[in-house]
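There are 2 protein chains.
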Amino acid sequence: MSTSVERDSGQIITVLESLRQAVAKGDSDMARELAARLVEEDALSLLLHLPERELSRLFDIVGDEALAEVLSRLDERDAADILEHMSAAQAADILEEIDPDDATDIIAEVEPEFHETILVAMEPEDAAELRELMAYPPESAGGIMTPAFVAISPEMRADQAVAALRRVAEEAETVNYVYVLDEQEHLLGVLSLHRLVLTRPDSPVRELMFDDPITVAVEADQEVAARLLTERDLLALPVVDSEGRLVGIITADDVHDVLEQEATEDIERLGGSAPLSEPYLRASPILLFRKRIVWLLALFMAQFVTLAIYDHYEGLAAEEALLSLFVPILIGTGGNVGSQTVTTVIRAMAVGEARPRHFLRIVGKEAMTALALGAVMGTLMFVRGAVKGGSDFGLTVGLTVLVLVMWAAVVGAILPIALSKLRIDPAVVSAPFISSFVDGTGLVIYFTLAGALLHLNAT
Amino acid sequence: MSTSVERDSGQIITVLESLRQAVAKGDSDMARELAARLVEEDALSLLLHLPERELSRLFDIVGDEALAEVLSRLDERDAADILEHMSAAQAADILEEIDPDDATDIIAEVEPEFHETILVAMEPEDAAELRELMAYPPESAGGIMTPAFVAISPEMRADQAVAALRRVAEEAETVNYVYVLDEQEHLLGVLSLHRLVLTRPDSPVRELMFDDPITVAVEADQEVAARLLTERDLLALPVVDSEGRLVGIITADDVHDVLEQEATEDIERLGGSAPLSEPYLRASPILLFRKRIVWLLALFMAQFVTLAIYDHYEGLAAEEALLSLFVPILIGTGGNVGSQTVTTVIRAMAVGEARPRHFLRIVGKEAMTALALGAVMGTLMFVRGAVKGGSDFGLTVGLTVLVLVMWAAVVGAILPIALSKLRIDPAVVSAPFISSFVDGTGLVIYFTLAGALLHLNAT
Numbered sequence: 001m002s003t004s005v006e007r008d009s010g011q012i013i014t015v016l017e018s019l020r021q022a023v024a025k026g027d028s029d030m031a032r033e034l035a036a037r038l039v040e041e042d043a044l045s046l047l048l049h050l051p052e053r054e055l056s057r058l059f060d061i062v063g064d065e066a067l068a069e070v071l072s073r074l075d076e077r078d079a080a081d082i083l084e085h086m087s088a089a090q091a092a093d094i095l096e097e098i099d100p101d102d103a104t105d106i107i108a109e110v111e112p113e114f115h116e117t118i119l120v121a122m123e124p125e126d127a128a129e130l131r132e133l134m135a136y137p138p139e140s141a142g143g144i145m146t147p148a149f150v151a152i153s154p155e156m157r158a159d160q161a162v163a164a165l166r167r168v169a170e171e172a173e174t175v176n177y178v179y180v181l182d183e184q185e186h187l188l189g190v191l192s193l194h195r196l197v198l199t200r201p202d203s204p205v206r207e208l209m210f211d212d213p214i215t216v217a218v219e220a221d222q223e224v225a226a227r228l229l230t231e232r233d234l235l236a237l238p239v240v241d242s243e244g245r246l247v248g249i250i251t252a253d254d255v256h257d258v259l260e261q262e263a264t265e266d267i268e269r270l271g272g273s274a275p276l277s278e279p280y281l282r283a284s285p286i287l288l289f290r291k292r293i294v295w296l297l298a299l300f301m302a303q304f305v306t307l308a309i310y311d312h313y314e315g316l317a318a319e320e321a322l323l324s325l326f327v328p329i330l331i332g333t334g335g336n337v338g339s340q341t342v343t344t345v346i347r348a349m350a351v352g353e354a355r356p357r358h359f360l361r362i363v364g365k366e367a368m369t370a371l372a373l374g375a376v377m378g379t380l381m382f383v384r385g386a387v388k389g390g391s392d393f394g395l396t397v398g399l400t401v402l403v404l405v406m407w408a409a410v411v412g413a414i415l416p417i418a419l420s421k422l423r424i425d426p427a428v429v430s431a432p433f434i435s436s437f438v439d440g441t442g443l444v445i446y447f448t449l450a451g452a453l454l455h456l457n458a459t
Numbered sequence: 001m002s003t004s005v006e007r008d009s010g011q012i013i014t015v016l017e018s019l020r021q022a023v024a025k026g027d028s029d030m031a032r033e034l035a036a037r038l039v040e041e042d043a044l045s046l047l048l049h050l051p052e053r054e055l056s057r058l059f060d061i062v063g064d065e066a067l068a069e070v071l072s073r074l075d076e077r078d079a080a081d082i083l084e085h086m087s088a089a090q091a092a093d094i095l096e097e098i099d100p101d102d103a104t105d106i107i108a109e110v111e112p113e114f115h116e117t118i119l120v121a122m123e124p125e126d127a128a129e130l131r132e133l134m135a136y137p138p139e140s141a142g143g144i145m146t147p148a149f150v151a152i153s154p155e156m157r158a159d160q161a162v163a164a165l166r167r168v169a170e171e172a173e174t175v176n177y178v179y180v181l182d183e184q185e186h187l188l189g190v191l192s193l194h195r196l197v198l199t200r201p202d203s204p205v206r207e208l209m210f211d212d213p214i215t216v217a218v219e220a221d222q223e224v225a226a227r228l229l230t231e232r233d234l235l236a237l238p239v240v241d242s243e244g245r246l247v248g249i250i251t252a253d254d255v256h257d258v259l260e261q262e263a264t265e266d267i268e269r270l271g272g273s274a275p276l277s278e279p280y281l282r283a284s285p286i287l288l289f290r291k292r293i294v295w296l297l298a299l300f301m302a303q304f305v306t307l308a309i310y311d312h313y314e315g316l317a318a319e320e321a322l323l324s325l326f327v328p329i330l331i332g333t334g335g336n337v338g339s340q341t342v343t344t345v346i347r348a349m350a351v352g353e354a355r356p357r358h359f360l361r362i363v364g365k366e367a368m369t370a371l372a373l374g375a376v377m378g379t380l381m382f383v384r385g386a387v388k389g390g391s392d393f394g395l396t397v398g399l400t401v402l403v404l405v406m407w408a409a410v411v412g413a414i415l416p417i418a419l420s421k422l423r424i425d426p427a428v429v430s431a432p433f434i435s436s437f438v439d440g441t442g443l444v445i446y447f448t449l450a451g452a453l454l455h456l457n458a459t
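Residue numbers (the working numbering), protein chains in the order written: chain A, 1 to 459; chain B, 1 to 459.
Don't read these hints as lab results, they were simulated from the structure. Honestly, I wouldn't trust all of these hints.
Copies of the same chain look alike in the list, so a pair counts if it fits in one copy or across any two.
Below, a list of computed lysine to aspartate or glutamate pairs in the EDC-like style, where the Cα atoms sit at most 20 Å apart [said to hold, decoys possible]: (1) Lys421 with Glu223; (2) Lys421 with Asp202; (3) Lys388 with Asp311; (4) Lys421 with Glu111; (5) Lys25 with Glu97.
Next up, chain A with everything else stripped away, as it sits in the complex (with noise of 0.2 Å):
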């Protein structure tokens, strides 16, 4: 065990020794490359066994510039792991050279105590930019959005607007586009750079810029954020105040991360479990446990009222043995169906296909589909219970399950789009809360059914 992540400290060594010579060279591109690969391989992360004065030797040796690009990729919890590694003065040295929006979010995972000692040994203008984005909360425009843009004055030449921005190119996170700004720092008109050197040097700027550039509130979510990004296709989307003050920009890499985070969050949901609040990986069973178990809890109970449901058909049960044998296949299917019909409308509600104004266009369809699906299911049960049980029976069994079948995919295709309409998130018709759903309902259809069709009179 000890000799392998020797051997592998050995390879990642390696590999930081050209990173560093990439980053020296200034070849971004073959610094990224490198950086993506020390991440994938969770090369640092063995790193940490080594023995601390070593690591410290060598994070000085691969240089702060390099390091940054690899734990800017990291995932926030894991670069702080690194960071408290570190003493304060490299780790200050290191958050300096990460684009503002990801240091917040590395910052805010490490320990509380080493917090503020990072923050005081960084260049106070630094340390300011990053309490300032601190202060919003991290699902909003303003947690994933960067203070680093690159501002210009309405008076401006486009020559003079170039040369504004060869002063501080270092530092932005992107210059695909220049904000045009007023002295108070509302923003005035949005110019792409593409728009800014492919013009005449003496226009000015005032008239090059559009002046009704799309924005997002610093307080609306992340997601609203993201969206609207992607929608319009834009490479970064600049965040205002309630005054129209340009207080940050969002780029398109940052939109990434949320939308994935967020169809995440949607899948974890339909399986039947609350959003877990981090990577799988580093989730404990602690964490699963607490995120699973409230819905387990809520299901539980919707399955002791299917619980009495049947005991209340015990009568009808005793008479006729088979009526038990074919409980679970039957619910099983309806739950299956059930389960189809959810994932299915609620991810079109997700990604904006299907809205609630398509109501009926949706049920309709659930519905035909379900009728086809019945039918098939419902005959193959006939079939099955006959052979069982006689034709009588057969036909209950097969009855039953093209009413459940459309029970279920109505059910499943009017619940979603109900919440939605009560601003309540769909995702929390989940695939097993479709199921236990199904399972008492079900057990209604089919003692009801049976008790008609095999006049069984007990009760």
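Chain B: place on chain A using the hints.
Frame of chain A, contents of chain B only:
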């Protein structure tokens, strides 16, 4: 109904008129905003109710550029519908204004007989470009790339490169990067506009460029290309053929659609159906039926096995009538835990967080979580069972839940990883799959425990 269509048409025509003005003024932000609004409102499909001549006159007034702006944001099938309502000349003019990668997707959806007529009516150069792009599979890197990149020679100086850029900027999809090619179109290096503008005008391109750019092969899967671009935070990714010639670039805006589509497919699979090949609202009940019936039938087969298992234990069930009563709640709880585990693990694998080499860590984590979940649920079930049938019976159902929850979680963790090692997409292990699996195996566990703990001996 018809009056509402007419009223809505009136509003839409007003928005189209504003769009025309925005395009005429060169205000692309406003044009994007208006185009996006039209798309959100399903506006153009409403217009298709207008008489054909009126519609054609309307399109003439709005202008090719504005319509191109709208069509390129629509789903390609909707865009194709609208093109089919136009004359070939009009359709050709509009397609020429759309980025070639998007235009290719649209023309691929146009009815075959109209298809060739449009291509013939286009400028020969544009038509040739589309024909070339249509040759690549739609889900490959070649299928989502655009040939509209800016190429320069390594012999140029920075100022000459900027001048070259200025000439082609209109046509290029992005000018954020320029690509340095030799005479045989081999990709030698990449240069960002950023670097080009902010350097001394007489610097040679050969020295400024990055000479080892990240590229993707033209036949690579679109998801590989999308992940490469987002993981490296690039704005565009060069696509090369087997000889290293640059054939196109993939831009960040295309990647978002790819990743959203892949997440949707994963969600649909997790819900237990084959991925829809169309947007949900366009999918007919027949398509929905086809995508769902395959898995339903497969699961039905599994449930037949469950039925046979249940039947096998008929004697035990008859001896203790309470046993049947608890079947739905027991297998339901197992299925719920299985669904929670499977969705979490599969998502963690899809986003690259969990990998096959984390096998032991994942299974260990899930087993420990399940032990805690099983202990809580088992205790509750013990109480419920004891109330109904005495402490021995309570012990039977309580212990069954504990074992079943652990079994479901461990299977739910192992199966996706094992499949992925076998190079099968782990998303085939859907929530319904794991529920159905737990149904059958759960009955074996239940009746075995019951036989032992309740001293039953019928079989």
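Outcome of the hint check:
1. Lys421 with Glu223: within (19 Å within a copy, 34 Å between copies)
2. Lys421 with Asp202: neither (54 Å within a copy, 62 Å between copies)
3. Lys388 with Asp311: between (24 Å within a copy, 10 Å between copies)
4. Lys421 with Glu111: For Lys421 and Glu111, neither the intra-copy (42 Å) nor the inter-copy (38 Å) Cα distance is at most 20 Å.
5. Lys25 with Glu97: For Lys25 and Glu97, the Cα distance is within 20 Å only inside one copy (17 Å; across copies 41 Å).
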